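So you can see what is in the structure, the chains are spelled out below.
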Amino acid sequence: MSGHSTYVPKTAIGKWFEARLPVVRLLHDTAVSYPTPRNLNALWTFGGILAMMLVVQIVTGIVLAMHYAAESTIAFRSVESIMRDVNWGWLIRYLHANGASMFFIAVYIHIFRGLYYGSYKAPREILWILGVIIYLLMMAAAFMGYVLPWGQMSFWGATVITNFFTALPIVGQPIQTLLIGGFSVDNATLNRFFSLHYLLPFLIAGVVVLHVWALHVVGQNNPLGIDVKSEKDTVPFTPYATSKDVLWIVLFMIFYGWFVFYQPNFLGHPDNYIEANPLSTPAHIVPEWYFLPFYAILRAIDFNIGPIDSKLGGVLAMFGAIAVLAFLPWLDTSKVRSGRFRPIFKVAFWVFGVNALFLGYLGSQATDAIIAGLQAVSWAKLSTFYYFAYFLVILPVLGYIEKPKPLPVSINDAILAKSVPGSAH
Amino acid sequence: MTAKMIRWAAAALAAGIALTATIASAEETVEYPLIKPTRQEWSFAGIFGRYDQAQLQRGYQVYKDVCSSCHAMSYVKFRNLADEGGPGFTEDAVKVLAATYAIEAGPNDAGEMFERPRLPSDPFPSPFPNDNAARAANGGALPPDLSLIAKARAVHRGFPWFVFDMFWPYQEQGPDYIASLLTGYQDPPEGVEVPEGTYYNPHFINGVSLRMPPPLDDDLVEYSDGTPQTKEQYATDVSAFLMWAAEPHLDARKELGLKVMLYLIIFAGILYFVKRQVWRGTPH
Ligand code: HEM
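From first to last, the protein sequence lines are chains S and F. Quick note on the working numbering: the first sequence kicks off at -16 and runs consecutively. Quick note on the working numbering: the second sequence kicks off at -8 and runs consecutively.
Hints are computed from structural coordinates only; laboratory data are not their basis. Treat the hints loosely; a few may be bogus.
Distance windows between CB atoms, simulated [to be verified]:
no.	chain 1	residue 1	chain 2	residue 2	range
1	F	Asp216	S	Ser64	15 to 21 Å
2	S	Gly303	F	Ile257	46 to 52 Å
3	S	Gly289	F	Phe150	34 to 40 Å
4	F	Thr273	S	Val392	18 to 24 Å
5	F	Asp156	S	Thr160	39 to 45 Å
6	F	Ile257	S	Ala372	36 to 42 Å
7	S	His50	F	Arg202	22 to 28 Å
8	F	Ala127	S	Thr160	55 to 61 Å
9	S	Ile153	F	Arg41	41 to 47 Å
10	S	Gln156	F	Leu133	31 to 37 Å
11	F	Asp208	S	Asp292	52 to 58 Å
12	F	Phe39	S	Leu151	37 to 43 Å
Bear in mind the structure is a predicted one, so any value in this text is a computation, not a measurement. Cβ coordinates follow ideal geometry from the N, Cα and C atoms, glycine included.
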């Protein structure tokens, strides 16, 4: 957006428009001439995949909203009538319900890409923080969406999660009352959640615009993590990046379609096919899979720390686990971005990844379940410890003690070194 | 140097954890069901799976003759019996069948409620006027509405099985569970006391016994197509029927899925070559 505009209107109408609102220039600069590093790998296609998923969620969501009734005595039935009686209703609903999961799979890959290649480091701090905000809004949107079908997990998930707020001193109780519109989850909760669930995706779209804007100011990072030095390091977005993005979007759609058509309920909880019943608590209340690591962190804190009781401690740890991401640009003290050149970081990073998956698994287990001889909650403590240690100890310290491998001079140099120029790859 | 130190520290930590893990005594928490459901071959399993029309018809018969005296199925309407991908009743048969049940309607012009025969657009009748009546008649336990039961019960297979189930698609946990439950009643083992009025069943998801008396027995329902009239066969047929009731568009879903997936795979192939062509001559 800044400086590199190469757009030249050719037609008369194009010139007329250009003089009044240069929106075509904006689109051209953003999606056609925008220079992208030529060494990007497939992990860089997930931004485009996320954009597609946001559109899918909004479109399917609007259609669902035409048939859905946000009233606690008929909400469950209205979703069932979408599934049974509305033409293609089952498809729209399965696209939306599984779409939320796909959205999170894509965002997790996108985030881990950033963690590995150091995409959060200067000058991309704002870009990264905007991403963390999008992620938070996504969690809020998905949480409220999951309440709408008004099944057992909808109801009890909402009860458990809104109850977290009461852990905060003084303001906690009023916040919870305001959020659920009373003293327990009921029709008022459902109504406001529907309203907010409709709103949040559009807020996300707004933040996405800022995110892309920030991206186009600072430019994309790349697998080598070194700055773009000259034009030789880049290719124009179209056709190079577009051809790759479209390919990977379609590959992702195959993955998405697999769930929609062959495993549509695999990622959901069976109890959500039982209508909400405030008088009957399910044996295990578990959130959607994408919240499980945080749920494990929440439950890991089952001890008091001075004046902080275990409940508040758990809530602080859970929110802290997300908040810490926003400070990452300053916690990682290494000047080298890409994990490729950081031998110790690499190990710590992969352990972090496995640890995050393990936390997710722990979140799905009862706290007193025995895993390899140890209670799940004890494993959760170890895992939570590593989660925070990665951000608060390992990354700050590594910058000082780790000796990075030598960096290539430029992207172009690195590419020429590994391939004969001109040959197809 | 530092790398080495960190590796040693990591190794020490791992060894420590492993040691604690083996020393800690593994006290078992009881998990229900005591016996995991038996996996069956279902015609509707897998990518090419479709409902077996004759089986759905038999299953409906079992539901109607046996289960419907206690269980409602209020999301299913008579007309659904004639829907594509269902039991395949004719429209006329549905009309006749529906009319054998009455429903309260009204008020009429005089302001009075009256009874009329059900229409194909009416739901299956419920055996009890309300939940409390259902509980009162069943020793305090509510026989659940069976419309969605096949999707509302899925016994966890746990790690690592669920990973395989994702890609070697296994979505039939519900019917497997129901069939196992219906045939799983037995005498309680020595030393196990079950509460008064409940029946021991190690396949039950929520304890050792439940308040549903064993509903099936050999030769209970008369099949007209020569299918063996065994308890097991009834259980399988009614489970398939309940899966259809919970997921009436399964056939349409898998059929459309095949087309969409084929289309996407071919499209992806073309895009792959487009991408290669675009990047030809541009080392990256
Ligand atoms: C950020 C994008 C979005 C996410 C992550 C999301 C997520 C979800 C989730 C997880 C559910 C529960 C699905 C289920 O288990 O049935 C849901 C339901 C629903 N969503 Fe969204 N949603 C998004 C956007 C929208 C939009 C823009 C609308 C438009 C109004 C919408 C309307 C609905 C409706 C009506 C339901 C209830 C029907 C149902 O449960 O299937 N959603 N959403």
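Verification of the hints:
1. Between aspartate 216/F and serine 64/S the CB atoms are about 33 Å apart, so this pair departs from the stated range of 15 to 21 Å.
2. Range check, glycine 303/S to isoleucine 257/F: Cβ separation about 47 Å, and the 46 to 52 Å hint holds.
3. A hinted range of 34 to 40 Å holds for the C-beta pair glycine 289/S and phenylalanine 150/F, which are about 36 Å apart.
4. With their beta carbons about 20 Å apart, threonine 273/F and valine 392/S fall inside the hinted range of 18 to 24 Å.
5. Separated by about 41 Å at the C-beta atoms, aspartate 156/F and threonine 160/S satisfy the suggested range of 39 to 45 Å.
6. For isoleucine 257/F and alanine 372/S, the hinted distance range of 36 to 42 Å is not satisfied, since their beta carbons lie about 48 Å from each other.
7. The beta-carbon spacing between histidine 50/S and arginine 202/F, approximately 37 Å, falls outside the hinted interval of 22 to 28 Å.
8. The supplied range of 55 to 61 Å is broken by alanine 127/F and threonine 160/S, whose beta-carbon atoms lie about 37 Å from each other.
9. The supplied range of 41 to 47 Å is broken by isoleucine 153/S and arginine 41/F, whose beta-carbon atoms lie about 60 Å from each other.
10. Restraint check, glutamine 156/S to leucine 133/F: a C-beta distance of roughly 34 Å satisfies the suggested window 31 to 37 Å.
11. Evaluation of the 52 to 58 Å hint for aspartate 208/F and aspartate 292/S yields a pass: the beta carbon distance comes to about 56 Å.
12. The hint said 37 to 43 Å for the Cβ distance between phenylalanine 39/F and leucine 151/S, and at roughly 54 Å that hint is violated.
The earlier numbered hints that this structure contradicts are 1, 6, 7, 8, 9 and 12.
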